[in-house]
Every structure is written in structure tokens, then in C-alpha cells.
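Engineer: These are the residues of each chain, in order.
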Amino acid sequence: MDVVETFGKTVDRQCDRDPAKGRRVLRAGWEAQLFRFRHMPVKALMPAYQYLAALMMDTMLKPLRDPGHSAVVSIFTPSQLLQEVGLSPYNAEAYSAYLLGSRCEHSCILTAEAAGLPETLCSYHKIFTGAAEKGLLPRPRCIVYTNLTCDANMLTFKRMERFFNVPAFFIDVPWTQTEADVRAVASQLRDLGRFLEDITGNKTDEKRLMSRIRRSIDTMDTFRQARRLQKDKYIPTDLVSPQYGAMVNNVLLGTPEVEKFARMLLKDVKLAGPARGKRIYWVHTNPYWSDAMHKALYINESAQIIGSDMEQVVYPEEMAAQDPYEAMARQMVFNHLNGSVERRIQAAIQQAKETGCDGAVWFNHWGCKHTLGGSALAKKRFQEAGIPCLVLDGDGVDRAHGGEGQTATRLGAFIEMLEDRNE
Amino acid sequence: MSENRSIDHRSSDHKIHYECKYTPVELIEAFGGEPELLNRSSDTFRQAEILGSPNLCGFGKSVIETAIDEHIKELFLVNCCDTIRSAADIIADAGDTGFLYTMDLPHCMSQCSRELMTAHLEDFAMRYGEHTGLTFDPDKFRQAFTTVEWPDGPYIAVIGARMSDELFEMVEKTMPLPCRNLSCVRGRDLGASRPPETDDFHRLMDWYAGELLAQTPCMRMEDVTGRKRLFSDPDLAGVIYHTLKFCDFYSFEYSRVKDDLQVPMLKIETDFTLQSSGQLLTRLEAFGETLRMSAGARFSGISGKKESRAPEGPAAGPACSPEDKPGAAAAPEAGTGPEAYSMLDADATLEAGKKYFAGVDSGSTSTDIVIMDEACSIVTTVILPTGAGAENSAARGVAAALEKAGLTRDDLAALTATGYGRGSIQMGDSQVTEITCHARGAHYLDPDVRTVIDIGGQDSKVISLDPSGSVKNFVMNDKCAAGTGRFLDNMARTLEMDLDQMSQRGLEYKEDITISSMCTVFAESEVVSLIAKNKSADDIVHGLNKSVAAKTGTLVARVGGQEKYMMTGGVSRNRGLVKALEEELGCELVISPYSQLCGAIGAALFARDSSIR
Chain A
0 MDVVETFGKT
10 VDRQCDRDPA
20 KGRRVLRAGW
30 EAQLFRFRHM
40 PVKALMPAYQ
50 YLAALMMDTM
60 LKPLRDPGHS
70 AVVSIFTPSQ
80 LLQEVGLSPY
90 NAEAYSAYLL
100 GSRCEHSCIL
110 TAEAAGLPET
120 LCSYHKIFTG
130 AAEKGLLPRP
140 RCIVYTNLTC
150 DANMLTFKRM
160 ERFFNVPAFF
170 IDVPWTQTEA
180 DVRAVASQLR
190 DLGRFLEDIT
200 GNKTDEKRLM
210 SRIRRSIDTM
220 DTFRQARRLQ
230 KDKYIPTDLV
240 SPQYGAMVNN
250 VLLGTPEVEK
260 FARMLLKDVK
270 LAGPARGKRI
280 YWVHTNPYWS
290 DAMHKALYIN
300 ESAQIIGSDM
310 EQVVYPEEMA
320 AQDPYEAMAR
330 QMVFNHLNGS
340 VERRIQAAIQ
350 QAKETGCDGA
360 VWFNHWGCKH
370 TLGGSALAKK
380 RFQEAGIPCL
390 VLDGDGVDRA
400 HGGEGQTATR
410 LGAFIEMLED
420 RNE
Chain V
0 MSENRSIDHR
10 SSDHKIHYEC
20 KYTPVELIEA
30 FGGEPELLNR
40 SSDTFRQAEI
50 LGSPNLCGFG
60 KSVIETAIDE
70 HIKELFLVNC
80 CDTIRSAADI
90 IADAGDTGFL
100 YTMDLPHCMS
110 QCSRELMTAH
120 LEDFAMRYGE
130 HTGLTFDPDK
140 FRQAFTTVEW
150 PDGPYIAVIG
160 ARMSDELFEM
170 VEKTMPLPCR
180 NLSCVRGRDL
190 GASRPPETDD
200 FHRLMDWYAG
210 ELLAQTPCMR
220 MEDVTGRKRL
230 FSDPDLAGVI
240 YHTLKFCDFY
250 SFEYSRVKDD
260 LQVPMLKIET
270 DFTLQSSGQL
280 LTRLEAFGET
290 LRMSAGARFS
300 GISGKKESRA
310 PEGPAAGPAC
320 SPEDKPGAAA
330 APEAGTGPEA
340 YSMLDADATL
350 EAGKKYFAGV
360 DSGSTSTDIV
370 IMDEACSIVT
380 TVILPTGAGA
390 ENSAARGVAA
400 ALEKAGLTRD
410 DLAALTATGY
420 GRGSIQMGDS
430 QVTEITCHAR
440 GAHYLDPDVR
450 TVIDIGGQDS
460 KVISLDPSGS
470 VKNFVMNDKC
480 AAGTGRFLDN
490 MARTLEMDLD
500 QMSQRGLEYK
510 EDITISSMCT
520 VFAESEVVSL
530 IAKNKSADDI
540 VHGLNKSVAA
550 KTGTLVARVG
560 GQEKYMMTGG
570 VSRNRGLVKA
580 LEEELGCELV
590 ISPYSQLCGA
600 IGAALFARDS
610 SIR
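Here the protein sequences come in this chain order: A and V. Residue numbers for the first sequence follow numbering that gives the first Met the number 0, beginning at 0 and rising by one. Residue numbers for the second sequence follow numbering that gives the first Met the number 0, beginning at 0 and rising by one.
None of these hints come from the bench; they were simulated from the model. If a hint is listed, it holds; no wrong ones were tucked in.
Capping the alpha-carbon separation at 20 Å, the derived lysine to aspartate or glutamate pairs in DMTMM-like fashion look like this:
1. 378/A to 48/V
2. 534/V to 290/A
3. 8/A to 510/V
4. 379/A to 92/V
5. 509/V to 1/A
6. 8/A to 582/V
Example chain V residues on the side facing chain A (calculated, C-beta under 8 Å, incomplete):
7. 221
8. 253
9. 257
The C-beta atom is built at its ideal place from N, Cα and C for all residues, glycine as well.
Just need the whole structure built from these sequences, with the hints factored in.
Structural biologist: Structure, rendered in C-alpha cells:
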């Protein structure tokens, strides 16, 4: 039994006896991991990704250290308003991924399913709900969520509102991209600002908020430049960095830390050597826990992930506006995952081309009906665009939906196929 | 605005298919269109699984299948869920639908949402008019509004995810009370209000948007407090809560209401096909029996079962006192095979003129027969494999049991059939589902039992009993093999051992391995990779036992299981699994020497009841 597995079992055992103790053990383990990321980073990774791993770990720890200054959020909730009133994002999807990394996800899934949650629910939501209801997660100050862009949001966060008995705010985002839609969302975001002011007692300074928005736009711009420049470069990449990128570019967008990461990434890319190996553009989350994935794509010169659609769900020009609330509304309304599957596919194809990939993987995360439903169409569209596409079934955080043999065979054969194309 | 994909061809037939209760049906009718609801179950999803994915909800797949296969000309979709959002793209790409309109439905009831909804309705009206050449008629619009009328008196409500019309027909046939389909789209109700007297189209649409959004909300909406009225009607006698595989919305509601609802509730899950109609029928009939027994006194209008011949009237628990049970017989230990039961026979004395009653449990792997006397003492038992035909096996089994007991068919005053094959057994006098029979049998064997865990070859069930032995609640696994005897059979084959070896090997583990996959295919792959890592077979078997125990523990939690637990079914002979399950539940399981005969015992007791009545 390895260290992480022992840690997970200890957290589970302690949580069963006394949830507060379970939380303390979890926090201690994560603090140790943060220390490791800061002082003993994975040397094969570039400085930007080393910094990113520590930044994400620290972000995860904030709600455990001070839950009264945290707000449970779904991944596509704009967090600039939370940052202004001093609330840390307590992101449901990221928590589930870290609980998996700590090997205590299985008991959370069982807790959720025993409570009657469906087996087919997105595992990110199931783990978060199970962890909260078994007492492993602390009570936040409030919850802010949106329908963007997952049905499960409408279920999980309402349930969490009742469970934690805290105020919640919902942002209803229409699925089309008209100016009326932007106005409707901007109006809700103004209400959100007042909601957050009321519950924290902190005022939102509009000038400061606008400068956060400008920083958000600059960050996305720098990030996009880095990914474009990466077209001809080799960047050693593990499996989690693209997912960290997705997290920070959403829930931490607007912070100086993410701006710093984007700049570091751009610098690293400029200094990087020429491209090598097969370059995979990844759509949606990835099963980073899988041995088969690890073998195929973990810091591997012969094949690596070079970008993910979740890192750039909106382009800087799509967000630009004079009013901060309108800019955040645009950030939501123009999110590439909002609306039809066709819209999402076209955005992914555009990014895949920009990053100069050899092939794309459309990851059918179990429970994500939008991704599953669009998979065959995505494969067709990618191929029409001249990009080979593998539809890979699996689960980002639940080993039960894995099928290691299948993952290894499909991924291996796809990479072999890409290699054959160039011969 | 919402999305519209229109191909430039006009049709004279203005049938427009729709799927959601927020569809502006009255607006379509005001144009002279003919809205037709898509709510029929499908036999196959060939196109949908090629163009979409197998792992989508069956209804979404049926929409794709129907639109493409039947060349639907006009289709109105609402972006009610992620599956329908994808379905719209798939149909637009692969189908030849001339007019496909997808309306964006707000999640809230705010003024802002109403304005957006009004704009969507106006947009649709413009596009539909352009496509069909038809015009809006305000009089037709007003005439289109009708009020849903329900008969007075107690009723059973179907609530939850959409139920296909075919399944609802099955529900109506099996329930002892009138049924109302209030699930998803069938719960459409705009109330009794009528459009304002104005020809101003914008004002009409503004009013209409408000009415559409004010319906009893579906679970996709942000504020679902209005759904409470579905569960609080004083005439509500029972609820059949329906969930659809891969539609997650309603499982959340079920999980919230299941412990607080004051009337009996049955949860069933389907994939929008009738492929598991046998299992569904068992559940529905068992629920009908429960209602008849527990609610008969409460609702005078409750009627007899329409098709099967189950005993009627309120339940009084077992007709015989627990003292009448054959407790004096030497009991073989758990883990022994069926042959051991022969020693339990003949603990009752045969007397001329005495009446005897038979229970036949026709299961997927074995047919079990119990003959009982008037004092509820077991006279004889027989277990034989179910062959090709349930009727044949039952006839052979009954003949063998009669011969063993020295009786003839004329000595049997009544015979009750239970199990999957009960419908095929013509010689029976009545049929009762295995759920009710297992509960009755378990109570007979040990009146302190409150939860029965039955893991059989084909399915697993957990039944919660009240102190009188009546069914309080029950759950069954879905149609996949996870957590059933078949799962263990497959794994034993992969490990190249027989079931007896598996029963023993699971007790002797050293490393505590966790096997995450419950899907038989994935678990097999996980086991193969553990073998490749040189993990010992004992440890792997223990991991598998833990995995089945965890799945069963989930079912127990769902049913609100309490001690004492009795385990029945063939898998109760697997010692390793029993131990894992005891650890999971934190208490000992009662494993009666009669565990495999529990259903047949219950059936024999019901046969006795029916004869006495």
C-alpha cells in the first residue's frame, strides 16, 4: 500500500469517527503537499507549471484554513466579485479532483450514492456532495453558482445550500449570445455584488473591480499568446497542469497570481526547445489518475498534451467591455461551452489548430451528457477540419468508470496512428 | 434568441413534434399547427448510439431516433437538459427535419426571465409563420387553453422523470387505484386562467410567458418549491417515483422526499425502453400488493388487482404465529448447499383430511417448492434447477415434493406461485411477487427481522419490513449485473475457481485491496490487471466481496434498512461475502437454513391465507 493510499484511508477512518478530525488530517496532508510543491517541485516541469501546482494547492487549502471567508462556486462562476469582497473560491470540481488525488474519493462516492444520488451523475459533483455530507468539507460563508454549463450544477449546489444552510446566489445564463442575454446576466451580477456586500459587509469598489477585469483580459491574452507560440515548442507536461490551467483561468481569473502564471508560461515557452513527439489537444477533463494515461502522456517527449479547451473558455476580445459587470456577463455568455455543442466544437477546433496539434482527444467523461452527446459530432467535425480525433470514454475522477485496459489500448493505438501519419 | 435551423421547403402537413411541458403548444395551435408529443418508448437506439452516445438518457436517444428514422418534418425542442441540447445538434446535422426550433428556457421566474421568454416566443412565432406561411389567430389561441380535469378520490401519482406512455399503461393495469401521470412533460398544466382580451401580440406573449413559467416547476428549474404540492394532496394514496437512467434531475428529488413522504412510494428506474418489463412488472405488482394491504383500510375506493390473483385485503402479517415455525429442525450452517435442506423436511405429521398448501418460487436459476400444513409447519421442500421452461420446472418440482411428502395433488388446497416465472405457472391458484413473499417468508423465519437482503443470480433486492412482516419499502438493483450473483460468477470464472472456492478464499485475505469498478466488464479488466500484478487470489476475492458488499450497503441505505438483517438467495452461501457485508453493515446477518426457500415459504403462507378466506 503506498503513502497516498494510507493517507486516504486515514482521512476516511478519522472522518467516520469525527469529521473535524478527518478535515484536520486532510488539511495536514495538503499543507505537506504544498510544502513539497514549493520546495521540491517536479523538476522536469517548467517554472510556470511548478508555480501553478503550488498556486492550486494553496487555493484548495484556503477554504480548509478559513472556511468563513470562502464561497462554494462552480467552475464557470466569475470570481472577480468574490475576490473584491475577500472570499476565496471553494471550487466543487477542483475539490473532487484533489480528494481523488488524496485517495479518499471512493467513500465520498459511496456516501452520495447511498443517499440516493444517481450513479450516472457527474463524478465531480458526486464526490463533492458525498464529501460534504459525510462531514469532510467545512461550511462555507455562501454559495455562488450558475447553470453554466452543466445540468448537475442545478442539483448539487441547491442541495449544498440546504445541507450547509448558507445563503446561495444563482446566476441564470441564457444559452444564446445576444446583447439582451448579456444585459440579463449583467443585471444578475449587479445583484450578486449586493448579495456579497450584504453577507460580508465589504464594499465593492467599481474602479478596483474594473482593474481586475482588465487584468483578467490581459491574463487571457497572455495565456493565448503562450499557447499560440507553443505551436513550435516542446513543453514538458504532466497530466494535471492542463487541468490546473482550466481551474485558475476560471476561478482565479483576475488575481495577480494567475497573471503571474500566464507571464511565466509565456516566458517559458519563449525559452523552450523545438517541438517534438506527438502533440495532443485535449477536450474536457482528463483521467489523470489512470496508469494508462500516465504511461502514454506524462512528461513524455514522444507524446504530450499541448492544450485543453477548458483553459480558454472565452477569448479576451469576447470579454472586453467598458462596464465591469458587462465584462463578467460576457465572460459567461460567450463561454465556449455555453449554447450548442456545435459552438463548443468549433471553438475547440480553432484552439487545436492554433496550438499546432497532431490529434485531438475528446474525453467522454462519464456523467457529462453534453460532452457525451456531442462526441460523435465532434469526431466528425475535427476530422473534417483535418485533425484526427479520438473519442475516449472514461471518468475524470471515478476509477470505477475507468477500464484501464481500454484506455491503454485506445490511447496507444491513437498515438501509433498519429505516428504512422507522419511516416 | 433561440436557435432555429430552417430548410427552405414548405409542407402542407403542419404536425410539429415536441417533448417538453414548457413548449408553447397553444401558440402552435393558434397558427393552425398540430403539436404532437414525443413520449413513446423505443425498442432500439441504433441511430442515436451511433450519432450520439450509448450513455445518454433513453428519452434523448428516442428523440434522435424518431426524428431521424421517421423523417420528422417539424420539431420543437426546449433546451431542458444537456442531452436535449446535444440532440438538437445531432438532428440538425444528420436528420432531414425541415423546421427545427430549440427554445432557450430560463431557469428562473424573475421578470428578466419572463422578458427573455417573451422574446423567445415572439421569435418562434415569427420563424414558424415564415416557415409555414400560416398566421397567428388570437381566437384560436384563446380556444387552445383547456383545464386538466382529474376525477375525485384517492389516486396513485406517477412523479419524476418522464414515463413513457407504454409504461404508464402498465402502471394503470397493475395499480388498485386510478393513476395520474404527473411526470415531466405529462405534468403540463397552465391552470384555469385565460389570455387577456387584447389583440396586442406582445401583451399576449408576455402573459403567456408568465403562465408557461408558472407551471409546477420541473427539477431543471432553480426554484422547485412549487413541486411540494405534488406530494401534499390529501387524496394522494401512493407515489410511483420514476427515474430515467442518465437523467439525474429526479434522483435528487427522490432522495429528498423518500424519507418524509407520508404515503407508500415505489421507485422505479427505466431506460425508456420496455426491455426490463418483467422486472418492472414484479416491482409494480409488489407495490400494488403493498398498497392493497397497507392502504386498503384507509381508502375505501381501493380495488382488487386487475390481472394477477394475489390475495386481497389489509395485511395482518403472517397468518401463523412465529412459534409455529419449524425451529426445532437441525439447521445446516450458512454455506451449505441445497441438499442439506432435505434434513429439514418431515417435521410435520401427515394426517388424513388435513389441508396442505404449496408455494412455488420460480427463479432464474432454481425453482423452489415448499409444502406446508394448516399449522404452517413445513412438510417438505424441493429445490431444482429451472430448466428451459418455468411451467415445466414447477410441475416437476411440485410432483417431486408431493411424492416426497407422500401426498397427491388433491391434498393441496391451494398453490401460490412467485418469482420471475410466476406468470407462466398455470397450475397455481394465485400469484404474488417475490418481494412480498420474501418479506412474508423472512418474518415467518424470524419475526425480529426488519430488513431482507436477497442477492440472487439475476438481481439483488433489499426489502424493509414493518413489525408485522408487511413490506414497508424495497429497492432492486437495475438491470446491469452489478452486485448480483452473476457478477460473482463472472469474476470466479476470471479467477479460474468455482463458487465454493470463492466462498472460502474471500475469508483468507492478507492485503486489503479495493476494486472500484462495479461494471462487470470493467471489474473483469481490473481483476485481470491485479492478477498481472501478482496479487493473490485471496486478496482479489476479498476486494470483490467488499465491492459487492458496498453496492449492497448502498441499497440498504436507500431503503432505510435496520437490524435485524436477514440474507437470502443463493449468494448467502458465500461466506466471504457474508463476512464483508457484515463488516459493511456493522452487524451480524441472520442466515436461515431456509434462506434459499424464503420466497417459496412466503408463497405457501399466502396459499394458506387464500384457502382460508
